[in-house]
Amino acid sequence: QKEVEQDPGPLSVPEGAIVSLNCTYSNSAFQYFMWYRQYSRKGPELLMYTYSSGNKEDGRFTAQVDKSSKYISLFIRDSQPSDSATYLCAFFSNFGNEKLTFGTGTRLTIIP
Amino acid sequence: DTEVTQTPKHLVMGMTNKKSLKCEQHMGHRAMYWYKQKAKKPPELMFVYSYEKLSINESVPSRFSPECPNSSLLNLHLHALQPEDSALYLCASSGKSRKVNTGELFFGEGSRLTVL
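Here the protein sequences line up with chains G and V, keeping their order. Going by our numbering, the first residue of the first sequence is number 1, and it counts up by one from there. Going by our numbering, the first residue of the second sequence is number 1, and it counts up by one from there.
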């Protein structure tokens, strides 16, 4: 079983739709949960960060963590063409070697 | 705008060349990283420096040589690379001077390397 599973897409949705991106993980030691956004030919940008189960909202973005199911989600409301990018989930634990574990990334296109 | 600055943005080199990638951050972060990213793949960790000391080397070939001259600077020296080393090389930093590292990384724009 892979440590992190993320559907690579590609995912295409019309402008204004709600987007749901998901990752599952198997490592119970993960304490911190992140979403990075990466535009083509750019470095990843930290979008959302949380360390507890539940929801965290920032503007049009909501990060959801369910530690019991080992499942995290990112919701984008009122999606815009500028949201077209690759979204990477990422996980971190202070126990062990302090390495960030990335999902494979989901390529998202918002169609005007 | 990213607060992690990488130079050069693009680099083309032959297999016998020696070149360096440079990275700078002024956020007071204690850890700096080099990642390699191939197209349509997530970043792969290469090296981690913590408090200017090499703490993680992910079994990277010796043709890649990292250097951390001070807490704000990170270099990656390249020598005798292979065409398969062509990739986007990303620098990142994390962790203001506090005891707990929470894994929030701040990436630079990357240096796109092509090896001929």
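Derived by calculation from the structure, the hints in this document are not laboratory data. As the structure is a computational prediction, the values presented were derived from the model and not from experiment. There may be inaccurate statements among the hints.
[Claimed, not checked] Straight line, CA to CA, 25 Å or less: simulated SDA-like cross-link-like pairs of lysine to any residue:
| # | chain 1 | residue 1 | chain 2 | residue 2 |
| --- | --- | --- | --- | --- |
| 1 | V | K38 | G | D58 |
| 2 | G | K99 | V | P66 |
| 3 | V | K41 | G | G59 |
[As the list claims (entries may be wrong)] The calculated label-pair distances, taken between Cβ atoms and stated as ranges, are:
| # | chain 1 | residue 1 | chain 2 | residue 2 | range |
| --- | --- | --- | --- | --- | --- |
| 4 | G | S52 | V | N70 | 18 to 26 Å |
| 5 | V | T16 | G | P81 | 41 to 49 Å |
| 6 | V | K38 | G | E5 | 17 to 25 Å |
| 7 | G | S12 | V | P69 | 40 to 48 Å |
| 8 | V | E3 | G | A29 | 27 to 35 Å |
| 9 | V | T16 | G | A29 | 18 to 26 Å |
| 10 | G | S12 | V | R112 | 20 to 28 Å |
| 11 | G | N22 | V | E58 | 23 to 31 Å |
| 12 | G | P81 | V | L54 | 37 to 45 Å |
[Stated by the list, open to error] Residues from chain V that face chain G, not an exhaustive set, calculated with beta carbons under 10 Å:
| # | residue |
| --- | --- |
| 13 | L11 |
| 14 | H26 |
| 15 | M27 |
| 16 | G28 |
| 17 | A31 |
| 18 | P43 |
| 19 | Y51 |
| 20 | E52 |
| 21 | L54 |
| 22 | S59 |
All C-beta atoms, glycine included, are put in the ideal place defined by N, C-alpha and C.
Hint check:
In summary, the hint linking K38/V to D58/G is not supported, as the alpha carbons are separated by about 30 Å, beyond the 25 Å threshold. For the suggested pair K99/G and P66/V, the alpha carbons sit about 18 Å apart, so the restraint of at most 25 Å is met. With a C-alpha separation of about 28 Å, the suggested pair K41/V and G59/G falls outside the 25 Å cut-off, and the hint is violated. Evaluation of the 18 to 26 Å hint for S52/G and N70/V yields a failure: the beta carbon distance comes to about 36 Å.
A beta carbon spacing of about 44 Å between T16/V and P81/G agrees with the range 41 to 49 Å that was offered as a hint. Our hint of 17 to 25 Å for K38/V and E5/G holds, since their Cβ atoms are close to 20 Å apart. Evaluation of the 40 to 48 Å hint for S12/G and P69/V yields a pass: the beta carbon distance comes to about 46 Å. Between E3/V and A29/G the C-beta distance comes to about 30 Å, which sits within the given range of 27 to 35 Å.
Between T16/V and A29/G, the C-beta spacing of about 44 Å breaks the proposed range 18 to 26 Å. Hint check: S12/G to R112/V, Cβ distance near 26 Å, so the stated range 20 to 28 Å holds. One distance hint, 23 to 31 Å for the beta-carbon pair N22/G and E58/V, holds here, with the actual separation near 27 Å. At about 42 Å, the beta-carbon gap between P81/G and L54/V stays in the expected band of 37 to 45 Å.
Evaluation of the L11/V hint against chain G yields a violated restraint, the C-beta minimum of about 14 Å exceeding 10 Å. Interface hint at H26/V: violated, since its Cβ lies 17 Å from the closest Cβ of chain G, which is beyond the 10 Å cut-off. Nearest Cβ of chain G to the Cβ of M27/V: about 12 Å, over the 10 Å cut. The hint is violated. For G28/V, the interface hint is violated, the least distance from its beta-carbon to any beta-carbon of chain G being 17 Å, above 10 Å.
For A31/V, the interface hint holds, the least distance from its beta-carbon to any beta-carbon of chain G being 8 Å, beneath 10 Å. This hint holds: P43/V has a C-beta 6 Å from the nearest C-beta of chain G, less than the 10 Å allowed. About 13 Å separates the beta-carbon of Y51/V from the nearest beta-carbon of chain G, more than 10 Å, and the hint is not met. A cut of 10 Å between beta carbons decides the hint on E52/V: the least distance to chain G is about 16 Å, and the hint is violated.
Hint status for L54/V relative to chain G: violated, with the closest Cβ pair at about 13 Å, above 10 Å. The closest approach between the C-beta of S59/V and any C-beta of chain G is roughly 13 Å, which is over the 10 Å cut-off, so the hint fails.
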